[in-house]
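Let the hints inform the model, and build the full structure from the sequences given.
Quick mapping for you: the protein sequence lines, in order, are chains A and B.
Per full-length UniProt numbering, residue 1 is the first one in the first sequence, and the count goes up by one each step.
Per full-length UniProt numbering, residue 1 is the first one in the second sequence, and the count goes up by one each step.
Hints were generated in silico from the structure; no laboratory data involved.
Treat each hint with caution, since some may be false.
Stated by the list, open to error - As a list, the in silico DSS-like pairs of lysine-lysine whose alpha-carbon atoms are at most 30 Å apart: (1) B:Lys50 <-> A:Lys318; (2) A:Lys327 <-> B:Lys20; (3) A:Lys327 <-> B:Lys53; (4) A:Lys318 <-> B:Lys207.
What the hints assert, rightly or not - Sample of chain B residues lacking proximity to chain A, with all beta carbon distances greater than 10 Å (derived): (5) Ile18; (6) Lys22; (7) Pro67; (8) Arg129; (9) Arg150; (10) Ala173; (11) Arg198; (12) Glu204; (13) Phe250; (14) Ala276; (15) Arg278; (16) Ser289; (17) Ala290; (18) Ile307; (19) Ala327; (20) Tyr390.
Positions of the beta carbon are idealized from the N, C-alpha and C atoms, including for glycine.
Listed here are the chains, written in short residue letters.
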Amino acid sequence: MTASNPPLSKLCAHCKTVRAQILRPKTHERLCKTCFTTVFESEIHATITTHTLFQRGSRVAIGASGGKDSTVLASVLKTLNTRYDYGVEFVLLSIDEGITGYRDDSLETVKRNAVQYGMELCILGYRELYGWSMDEVVAQIGKKGNCTYCGVFRRQALDRGAARLGITHVVTGHNADDIAETVVMNLLRGDLPRLQRCTSIVTESASSPIARSKPLKYAYEKEIVLYAHYKQLDYFTTECIYSPEAFRGSARSLIKSLERVRPSAILDIVRSGEAFAGMVAERPGGGGGSEQSAESGGGCGSGGGGRGAGGEMADMEKELVAAEAAKGLETEILMPGKRRKGLKGQQTPKVVKEQVMGNCRKCGYLTSQEFCQACALIEGLNKNRPRRMIEVDGEEVGLNGGVEGLSLR
Amino acid sequence: MAATDPENGLRDRGEPAIQKCKRCRENTAVVVVRQENLCCECFDKYVRSKCIKRMETYRVRYPDTAPRTLLLPVSFGISSTTLLYLLCGQLARQSSQAGRTGFSLLIVHVDETCIDSSLPPRSHLDALRSRFPDAGHYTAVGIEDIYQFRNAAREVELAAGVDEEKAHGGFDAREAVRNLLGALASPTSRTDVLAVLRTRLVVEIAKREGCEGVLWGDTTTRLAEKTLGETAKGRGFSIPWRTADGDSPFGVKFHYPLRDLLKSELVNYVSLSLPASREPLLLLCAAYSAQPKHSAASAASGRNITIDELMTQYFESIETQYPSIVANVVRTAGKLQPLRGSADGGHCMICGLPGDGAGGDMTLSALTLNAGADEGEKPRNGNKRSDMCYGCARSTYGAASYDWPLEP
Chain A
1 MTASNPPLSK LCAHCKTVRA QILRPKTHER LCKTCFTTVF ESEIHATITT HTLFQRGSRV
61 AIGASGGKDS TVLASVLKTL NTRYDYGVEF VLLSIDEGIT GYRDDSLETV KRNAVQYGME
121 LCILGYRELY GWSMDEVVAQ IGKKGNCTYC GVFRRQALDR GAARLGITHV VTGHNADDIA
181 ETVVMNLLRG DLPRLQRCTS IVTESASSPI ARSKPLKYAY EKEIVLYAHY KQLDYFTTEC
241 IYSPEAFRGS ARSLIKSLER VRPSAILDIV RSGEAFAGMV AERPGGGGGS EQSAESGGGC
301 GSGGGGRGAG GEMADMEKEL VAAEAAKGLE TEILMPGKRR KGLKGQQTPK VVKEQVMGNC
361 RKCGYLTSQE FCQACALIEG LNKNRPRRMI EVDGEEVGLN GGVEGLSLR
Chain B
1 MAATDPENGL RDRGEPAIQK CKRCRENTAV VVVRQENLCC ECFDKYVRSK CIKRMETYRV
61 RYPDTAPRTL LLPVSFGISS TTLLYLLCGQ LARQSSQAGR TGFSLLIVHV DETCIDSSLP
121 PRSHLDALRS RFPDAGHYTA VGIEDIYQFR NAAREVELAA GVDEEKAHGG FDAREAVRNL
181 LGALASPTSR TDVLAVLRTR LVVEIAKREG CEGVLWGDTT TRLAEKTLGE TAKGRGFSIP
241 WRTADGDSPF GVKFHYPLRD LLKSELVNYV SLSLPASREP LLLLCAAYSA QPKHSAASAA
301 SGRNITIDEL MTQYFESIET QYPSIVANVV RTAGKLQPLR GSADGGHCMI CGLPGDGAGG
361 DMTLSALTLN AGADEGEKPR NGNKRSDMCY GCARSTYGAA SYDWPLEP
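Printed below as a string of structure tokens:
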């Protein structure tokens, strides 16, 4: 690596010819604009090639929200595809959650991006797919816990969108900060199954026919913003207005502090997370909640960080206290001397049922249960929804396999 | 609840409504522990039982066997002082009940004043010795003594004059430690490597003195800090070895008898006049300061604070409100198993743990990523990064020349 050399200190540490303009957040190297963008792009190229993310001649969908991450992802992929001749056709796939004042505006950005990058665009809406927009979900259940709905819905929506486009691979804009945050969050929540898989760059699971990958896995959020700035990319900055995830909020502020102390910390956490993947005992079915895979489970990860909403952590605290109290009521009868080793809870081996994937009886989506998670959630929502007239065909058809018949473009 | 000071759980003595202890229902409650009002006696029982439960392996054994020696490192902080107090009580009870003890203690203080002169002097060990004269054998070592545990081959090398300066008899271990830490690039790296040195020194002494294991004073809170701290330093792979009870890769056992107690509970514990000790233990905790080392502002700005200190601050802040979440982090860490296949690889030359073999992968930038490993950044000191784990490679990254005392 280039050591900072006092006489050259004003020059770019990489090309050593132009005056440095940027203090690179990841390494604190002083670089010029051109070198920064080159380095940023080549790191993503390296991520793509070392993991062989793309096959020549394939079509790949970019999950596009209009935010900085996916906009930068689309722009960089277009650049790299041309520069290194990947021979991949990229398509933009957007999900309209139906959040007024947030998604409606950001979708306008995506539409402009589609023109700017010359990519095909497909937009799928929750309203059309599930009969519920997020605004309506929130109106019904309140702001607490709505991220669960959004996460489950989005995951399935992306799969459906990809299927419609005849695509089996979706790339998402998750960056290093997001992944580090998820690692910390899963440690705080004690969620081992998610801890195990949250750092994998490609997630393929039995529960989804579509592979997801994260080419920006090692890219810092700050550098993504810088890149977008220097490339003058057209992106949308507002954060989701419903963002009550306290754990993520707590993890996020911790990550930001860590980054200030040691800029490499984000990358180091990702590295630790990669180690954790091999440290969780394999269990069939991967423990509870295995249907939600990878990044999307439990929320979207792009929320604003749950400011002022500590409810989630308080709830978990209560649950844990209750569990502890319940444990105190049990009388454990153990063989003398057997007690010491091992942690509690391992003493009664859990019978883990092998997960068998099938199709949801309602919508046909892959699931290990009778109904998929989305249908189960909608069932709950519909039960409480006041009877009302059927307005659109799509609303009723939505879940009965009629998705494909809808014209949404 | 409303009448308690939420900050420390100690009940406000000036408050009119007298609460009875929830356990004995007789005495006046003086402290709130996990949402229960407890009196001094019941709180004492609570703390003792948590520690004794974790020390069950070292009950008096039949038939008669020689007591196993355990090393107890004491830093003069709250946790290790409390642990010494609790173990001393346990030993006394074992003696009076069985006529002998299940273990004996070697109490070791690692003196780090050569690096930080604000730390209490090693002579403070006398205060512990006079307070707990029957606890075991007391000894103090300097952190620089790590240089006494040099690998034999290295000694030959030195004697042969490979290293001029040291061969000429002028070797100053204190200077060497200062140079070593001074060579590292950041305060975080310095505290990180210092902790590595401390652990390895304690292990070397335990082995030399024939100790079966080491009793670390880490509380739940501290173990949670370690879990996230090591994660943040890229040492995720090493968490089982730094937080779990039982065999360590160093050949001695590690135990954490205070793992079920929160730091704040111990802070309360040492502040009280306990049934068996009228003088609060706090007076013995020379290294403890109620004043946080860093203001919230400096934590926020990231100036002059280390990752470990940041984690301490983080968990001490969530501990009061969410103690079960802190405990749950430790429980989760306990479910992580050593990386599969890590035992086959070599040990990291710095921390001595079975490496993740990943020091060589440590990259930050495409400048090194594409140009081939380590180019333009020749490993100094003859240490190859591939001999290190990722975390140690990170902490020694960008370091000036240094003399590493130990071999893997």
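Over 10 Å to the closest beta carbon of chain A is the bar; see if lysine 22 (chain B) clears it. holds, 13 Å
Could you grab the alpha-carbon distance between lysine 327 (chain A) and lysine 20 (chain B) and see if it respects the 30 Å cut-off? holds, 25 Å
Holds or violated: lysine 327 (chain A) and lysine 53 (chain B), Cα atoms, limit 30 Å. Measuring from Cα to Cα gives roughly 16 Å; hence the hint holds.
Interface exclusion of arginine 198 (chain B) relative to chain A, criterion Cβ beyond 10 Å: holds, 20 Å
Over 10 Å from every CB of chain A: does alanine 173 (chain B) meet that, or does the non-interface label fail? The claim holds: alanine 173 (chain B) sits with its nearest Cβ about 29 Å from chain A, beyond 10 Å.
Beyond 10 Å on every Cβ pair: is that true for isoleucine 18 (chain B) relative to chain A? Isoleucine 18 (chain B) is indeed farther than 10 Å from all Cβ atoms of chain A, at 26 Å.
Taking the shortest Cβ-to-Cβ distance between arginine 278 (chain B) and chain A, state whether it exceeds 10 Å. The claim stands: arginine 278 (chain B) keeps its Cβ more than 10 Å from every Cβ of chain A (closest is about 32 Å).
Starting from lysine 50 (chain B), check that the Cα of lysine 318 (chain A) is at most 30 Å away, please. Satisfied, since the Cα-Cα distance of roughly 22 Å is no more than 30 Å.
Is it correct that the beta-carbon of tyrosine 390 (chain B) has no partner in chain A closer than or equal to 10 Å? violated, 6 Å
Would the non-interface assignment of alanine 327 (chain B) survive a Cβ cutoff of 10 Å against chain A? violated, 7 Å
Is it correct that the beta-carbon of arginine 129 (chain B) has no partner in chain A closer than or equal to 10 Å? holds, 31 Å
Would you check whether the claim that arginine 150 (chain B) is not at the interface survives, using Cβ distances to chain A and the 10 Å cut-off? holds, 30 Å
Consistency note: the structure conflicts with the earlier hints numbered 4, 18, 19, 20.
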